[in-house]
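Given the coordinates of chain B, assemble chain R onto it according to the supplied hints.
Each chain is listed here by its residues.
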Amino acid sequence: MNEQIFGIHGAALELRSKRMGVLASNIANAATPGFKARDIDFNAALDARLSSNMGGGPHPAEPEMLFRRPTMPSLDGNTVELGREQVAFAENALAYSATLSFVQGKVNTITRALKGE
Amino acid sequence: MSDRSPMTLFSMTQRAMSAQMVRMNAATSNLANAGSVSSSEADAYRPIRAVFATELDRASGLSGVRSDGLVQSQSAPTKRYDPDHPLADETGHIWEAAVDESAEMVEIMESARQYQNMVQALQTAKQLMLETLRSNS
Chain B
1198 MNEQIFGIHG AALELRSKRM GVLASNIANA ATPGFKARDI DFNAALDARL
1248 SSNMGGGPHP AEPEMLFRRP TMPSLDGNTV ELGREQVAFA ENALAYSATL
1298 SFVQGKVNTI TRALKGE
Chain R
-6 MSDRSPMTLF SMTQRAMSAQ MVRMNAATSN LANAGSVSSS EADAYRPIRA
44 VFATELDRAS GLSGVRSDGL VQSQSAPTKR YDPDHPLADE TGHIWEAAVD
94 ESAEMVEIME SARQYQNMVQ ALQTAKQLML ETLRSNS
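Residue numbers (the numbering used here), protein chains in the order written: chain B, 1198 to 1314; chain R, -6 to 130.
Same shape as in the complex, but just chain B (with noise of 0.2 Å):
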């Protein structure tokens, strides 16, 4: 139901958001001694929610975790590089913007068929 109103919106709406707090915990343990990045493969994550919807199987399992490969390793063995923590904050900030906003859209849509304006 929730997958033929809303298309692939809303499983990447979800993944978007699981993505920022992913992130946030990159940028917040910037200054711990050992500590390894990790981010989401959003593409890849999708593709495994969607296909697994498809499937009708399951609910999909938590989306993989990938360890960041550091440009260049720190003495302390953290991993963490806050300028591009802080650039894929943003650019995953901006396309939970965009997706919400086609959520937003269709609801519109459903919204005004139901009210028969």
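No lab work stands behind these hints: they were computed from the structure.
Idealized CB from N, CA, C, for every residue including glycine.
It is possible that some hints are incorrect.
DSSO-like mimics (lysine-lysine), calculated; alpha carbons at most 30 Å apart, straight line [what the hints assert, rightly or not]:
| id | chain 1 | residue 1 | chain 2 | residue 2 |
| --- | --- | --- | --- | --- |
| 1 | R | Lys119 | B | Lys1215 |
| 2 | B | Lys1303 | R | Lys119 |
| 3 | R | Lys119 | B | Lys1233 |
| 4 | B | Lys1303 | B | Lys1215 |
| 5 | B | Lys1233 | B | Lys1215 |
From chain B, some residues computed to sit far from chain R (all C-beta separations above 12 Å) [to be verified]:
| id | residue |
| --- | --- |
| 6 | Ser1214 |
| 7 | Met1269 |
| 8 | Leu1272 |
Computed, partial: chain B to chain R, Cβ under 8 Å [stated by the list, open to error]:
| id | residue |
| --- | --- |
| 9 | Met1217 |
| 10 | Asn1226 |
| 11 | Pro1230 |
| 12 | Ala1292 |
| 13 | Tyr1293 |
| 14 | Ala1295 |
Then chain R, alone, in the frame of chain B:
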């Protein structure tokens, strides 16, 4: 973790900000004690540093920060010969705290930058959450 409720973006940011505050307070204490003098090596002030540790919340997949305590620097206090100093020992030596002022300033600047980053990220996330909440009007 003090409370067992799952970590949210807000509680995670709050923990990270508290950790940065501990770090900044430690650096400020070091700066305040720069140049403090004592009459024996054992009594001399030694710079302190906050140690951070990750705390992973498996339920939400978020990882926050916690300050895992403070460690004292092993750098030895500077021994100086100053027999006129009121705190000088019987051989006329005093011990000065080994505080590197520039290193502490850099530490404070870095901490402030990371604090700002956290605030910025929280603001963006909060705005998006509000937009999502208000979308059913």
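Going down the list of hints, with the structure as the test:
1. For the given pair, Lys119/R sits about 14 Å from Lys1215/B by alpha-carbon distance, which is consistent with the 30 Å threshold.
2. Between Lys1303/B and Lys119/R, the direct Cα distance comes to roughly 23 Å. Compliance with the 30 Å bound is thereby established for this hinted pair.
3. Distance check on the hinted pair: Lys119/R and Lys1233/B sit about 25 Å apart at the alpha-carbon level, within 30 Å; holds.
4. Only pairs whose Cα atoms come within 30 Å are accepted, and Lys1303/B paired with Lys1215/B is accepted, the gap being roughly 22 Å.
5. Straight-line distance between C-alpha atoms of Lys1233/B and Lys1215/B comes to about 18 Å, which keeps the hinted pair within the 30 Å bound.
6. Against chain R, the non-interface label of Ser1214/B is violated: not every CB pair exceeds 12 Å, the least being about 8 Å.
7. For Met1269/B, the non-interface assignment is confirmed: its Cβ lies about 17 Å from the closest Cβ of chain R, beyond the 12 Å cut-off.
8. With a cut of 12 Å on Cβ distances, Leu1272/B stays outside the contact zone with chain R, its closest approach being about 15 Å.
9. A cut of 8 Å between beta carbons decides the hint on Met1217/B: the least distance to chain R is about 6 Å, and the hint holds.
10. A cut of 8 Å between beta carbons decides the hint on Asn1226/B: the least distance to chain R is about 6 Å, and the hint holds.
11. Against a cut-off of 8 Å between C-beta atoms, the interface hint on Pro1230/B holds, since the closest Cβ of chain R lies about 7 Å away.
12. With its C-beta approaching chain R no nearer than about 10 Å, Ala1292/B sits outside the 8 Å limit, and its interface hint is violated.
13. Checking Tyr1293/B against chain R: minimum C-beta separation of about 5 Å stays under 8 Å; hint holds.
14. Contact between Ala1295/B and chain R, as hinted, is not supported at the beta carbon level, the nearest pair being about 11 Å apart and thus beyond 8 Å.
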